[in-house]
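Numbering (the numbering used here), first residue to last: 6 to 267.
Be aware that one or more of the hints could be misleading.
[Claimed, not checked] Ranges between beta-carbon positions, derived for each pair:
#1 N216 / R33: 53 to 59 Å
#2 V24 / L237: 22 to 28 Å
#3 P16 / R240: 38 to 44 Å
#4 R20 / P177: 29 to 35 Å
#5 R214 / H147: 42 to 48 Å
#6 N216 / A29: 45 to 51 Å
#7 R202 / L96: 47 to 53 Å
#8 G168 / E232: 56 to 62 Å
#9 T246 / L93: 48 to 54 Å
Keep in mind the hints are simulated off the structure, nothing from the lab.
C-beta: ideal position from N, C-alpha, C; glycine also.
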Amino acid sequence: MRRAAAEPTLPAGTRLHVVPGARARMARGQLAWTIVMATCILLSESMFSACPDAGFALALGLGAAAAFPRQLHRGLLLAAGVVSVSLLAGLHGDGSSTMSLLVTPGLARDWSTRGLSGMQILAAGTATGLGVAWMSGPRDLHRMLQMGLAGAAATGLGTWAAGLLPAQTLRPELLPLLQGAVAGFISCQVLVFGMLRFTTVRRPPGPHRVNRTLAEGYRTPCLRAYELDTDLADRSPDTQTRDGLGEVAAWVYRLQWTLQDI
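My request is simple: use the sequences and hints to build the entire structure.
Dropping the structure here:
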């Protein structure tokens, strides 16, 4: 009995597009994130003065949660996860984090300032990116990894930029608010990555592959489909039409290959 030939692998391209209707939601989410994070950073100066790493992580988590007002219960889980990951990241610190002082209080004798370590910032940003991916779309592994890296990069950049604000030229009571606004505005850009989607589109093979894989009697429709697809690449009014007709042209080749195989 003859074995069936393997299905041909067609040329493929990757299309990046924005989720329909996501732009307006993203703008509102970024505004809410920035306002909530700036307010929380300001309040944490008095409420979390002894635990600045916990205050920062809570502000970041609540800011991210505020971007999804219709998912409040998940947003609170996101904020709790950001705080937990950030605190755990400081567990093996040098005494400058809350958890390292709780575990090894003797370290406090040689450390006078309890601040926020770089590892805690990146860990909190990664947890935030993963949380945004969990709340805003498909949860496949590659997307989760991309969002985690985007969250770490945006949060790290935002914290660094906030630290560059000149304290001497600002009123002391306004500095935490402005720092929180800068950190929030930059870190919330992870929402941009959350609304992007990657799709795979098929294209017909070129003349060289058609001539190599198909007998002469099956080539003409495929070559004609390839010519039309190439011409459409420059004349298509929109990407959706272009991708749809490209799939049809690819299907012509698959059909001719199946007929030859039969």
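Comparing the hints with the structure gives:
1. N216 / R33: 53 to 59 Å: holds, 55 Å
2. V24 / L237: 22 to 28 Å: Holds - the Cβ-Cβ distance for V24 and L237, about 26 Å, lies within 22 to 28 Å.
3. P16 / R240: 38 to 44 Å: With Cβ atoms ~20 Å apart, the hint is violated.
4. R20 / P177: 29 to 35 Å: violated, 50 Å
5. R214 / H147: 42 to 48 Å: violated, 28 Å
6. N216 / A29: 45 to 51 Å: holds, 50 Å
7. R202 / L96: 47 to 53 Å: violated, 37 Å
8. G168 / E232: 56 to 62 Å: Check passed, 58 Å falls within 56 to 62 Å.
9. T246 / L93: 48 to 54 Å: With a Cβ separation near 50 Å, T246 and L93 satisfy 48 to 54 Å, so the hint holds.
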